[in-house]
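*Asks:* One-letter residues, chain by chain:
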Amino acid sequence: QKEVEQNSGPLSVPEGAIASLNCTYSDRVSQSFFWYRQYSGKSPELIMSIYSNGDKEDGRFTAQLNKASQYVSLLIRDSQPSDSATYLCASPSGGYQKVTFGTGTKLQVIP
Amino acid sequence: DTGVSQDPRHKITKRGQNVTFRCDPISEHNRLYWYRQTLGQGPEFLTYFQNEAQLEKSRLLSDRFSAERPKGSFSTLEIQRTEQGDSAMYLCASSLGGVDTEAFFGQGTRLTVV
Numbered sequence: 001q002k003e004v005e006q007n008s009g010p011l012s013v014p015e016g017a018i019a020s021l022n023c024t025y026s027d028r029v030s031q032s033f034f035w036y037r038q039y040s041g042k043s044p045e046l047i048m049s050i051y052s053n054g055d056k057e058d059g060r061f062t063a064q065l066n067k068a069s070q071y072v073s074l075l076i077r078d079s080q081p082s083d084s085a086t087y088l089c090a091s092p093s094g095g096y097q098k099v100t101f102g103t104g105t106k107l108q109v110i111p
Numbered sequence: 001d002t003g004v005s006q007d008p009r010h011k012i013t014k015r016g017q018n019v020t021f022r023c024d025p026i027s028e029h030n031r032l033y034w035y036r037q038t039l040g041q042g043p044e045f046l047t048y049f050q051n052e053a054q055l056e057k058s059r060l061l062s063d064r065f066s067a068e069r070p071k072g073s074f075s076t077l078e079i080q081r082t083e084q085g086d087s088a089m090y091l092c093a094s095s096l097g098g099v100d101t102e103a104f105f106g107q108g109t110r111l112t113v114v
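Those protein sequences? They're chains A and B, same order as listed. Per the numbering used here, residue 1 is the first one in the first sequence, and the count goes up by one each step. Per the numbering used here, residue 1 is the first one in the second sequence, and the count goes up by one each step.
Hints in this document: simulated from the structure, not taken from any laboratory. Just so we're clear, the structure is a prediction, and the values are computed from it rather than from any experiment. Treat each hint with caution, since some may be false.
For lysine-lysine, the following BS3-like pairs were computed, each having C-alpha atoms within a straight-line distance of at most 30 Å [to be verified]:
1) Lys42/A / Lys71/B
2) Lys67/A / Lys106/A
3) Lys11/B / Lys57/B
4) Lys42/A / Lys14/B
5) Lys71/B / Lys57/B
6) Lys57/B / Lys42/A
7) Lys2/A / Lys67/A
8) Lys42/A / Lys56/A
9) Lys106/A / Lys11/B
10) Lys56/A / Lys106/A
11) Lys42/A / Lys2/A
12) Lys71/B / Lys2/A
13) Lys56/A / Lys2/A
14) Lys67/A / Lys56/A
15) Lys71/B / Lys11/B
16) Lys57/B / Lys14/B
17) Lys106/A / Lys42/A
18) Lys106/A / Lys2/A
19) Lys42/A / Lys11/B
20) Lys106/A / Lys57/B
21) Lys67/A / Lys57/B
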């Protein structure tokens, strides 16, 4: 079982809709979770961090963490074509708590 | 520019040659990571330093790969006897100490082995 798992997509949503991206993790010790956005040919860019159960909002982005169910999600409200990218979920795991990434979910926002 | 810096941005090499990449982390960051990423995949962990100590190295990493961070500042990643399968984007990231701190990435080095 991979430490961090994501549906590879692509996930297609119309402009203005809510995009919902999900991630599950296997390491119950994990305390922090990160969402990165990666445009094609570019390096990942951190967009959200979440450490506690519940929701964390930042502009159009909301991260949700449920430690009991071991999943974390990212909601993007009022999706824009510029949001089209691959979204990576990451968390420290293992003995030395190295940051481990999922394979990413490709999001396509259709104008 | 105080972000993570990687050099070179692109490298084309012939199979069998050795290559070396450099990463300069954000100055106060003591953790430094190397990842490899191929098309359609997430970043794959290669190795990780806490200051100058190499704490973990991926079991998938062959002996042709070696990394150093001699003074706990910049790091180098060397690939010896390159193979076509080594073609990928090599990403460096750094973070502050503590397990809950975010990692920030450099722009990456794209390696093409011909």
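*Asks:* Determine for every hint whether it applies to the structure shown.
*Replies:* Checked hints:
Distance hint between Lys42/A and Lys71/B is fulfilled; the C-alpha atoms sit about 29 Å from each other, no more than 30 Å. The hinted pair formed by Lys67/A and Lys106/A meets the criterion: a straight-line CA distance of about 24 Å does not exceed 30 Å. About 23 Å separates the Cα atoms of Lys11/B and Lys57/B, which keeps this hinted pair within 30 Å; it holds. In summary, the hint linking Lys42/A to Lys14/B is supported, as the alpha carbons are separated by about 24 Å, within the 30 Å threshold.
Between Lys71/B and Lys57/B, the direct Cα distance comes to roughly 19 Å. Compliance with the 30 Å bound is thereby established for this hinted pair. Taking the CA atoms of Lys57/B and Lys42/A, the gap is near 25 Å; set against the 30 Å cutoff, the hint holds. Pair hint Lys2/A plus Lys67/A holds up; C-alpha atoms about 17 Å apart against a cutoff of 30 Å. Under the criterion of a C-alpha separation no larger than 30 Å, the hint pairing Lys42/A with Lys56/A is consistent with the structure, at around 26 Å.
Note on Lys106/A and Lys11/B: the hinted pairing holds, with a Cα-Cα distance of about 27 Å set against a maximum of 30 Å. Between the alpha carbons of Lys56/A and Lys106/A the distance comes to roughly 22 Å, so the proposed pair stays at or under 30 Å and holds. Under the criterion of a C-alpha separation no larger than 30 Å, the hint pairing Lys42/A with Lys2/A is consistent with the structure, at around 24 Å. Of the supplied pair hints, the one linking Lys71/B and Lys2/A is violated, its CA atoms being roughly 33 Å apart against a limit of 30 Å.
Distance hint between Lys56/A and Lys2/A is fulfilled; the C-alpha atoms sit about 25 Å from each other, no more than 30 Å. Proximity of Lys67/A to Lys56/A is assessed by CA-CA distance (about 14 Å); at most 30 Å being required, the pair is judged to hold. In summary, the hint linking Lys71/B to Lys11/B is supported, as the alpha carbons are separated by about 25 Å, within the 30 Å threshold. For a cut-off of 30 Å, the pair hint linking Lys57/B to Lys14/B stands: about 26 Å separates their Cα positions.
Annotation: proposed proximity of Lys106/A to Lys42/A holds, straight-line Cα distance about 14 Å (limit 30 Å). Between Lys106/A and Lys2/A the alpha-carbon distance is near 19 Å, which keeps this suggested pair within the 30 Å criterion. At roughly 16 Å between alpha-carbon atoms, Lys42/A and Lys11/B fall within 30 Å of each other, so this suggested pair holds. Between Lys106/A and Lys57/B the CA atoms are separated by roughly 28 Å; this keeps the pair inside 30 Å, and the hint holds.
Proximity of Lys67/A to Lys57/B is assessed by CA-CA distance (about 28 Å); at most 30 Å being required, the pair is judged to hold.
Of the hints listed earlier, the one the structure fails to meet is number 12.
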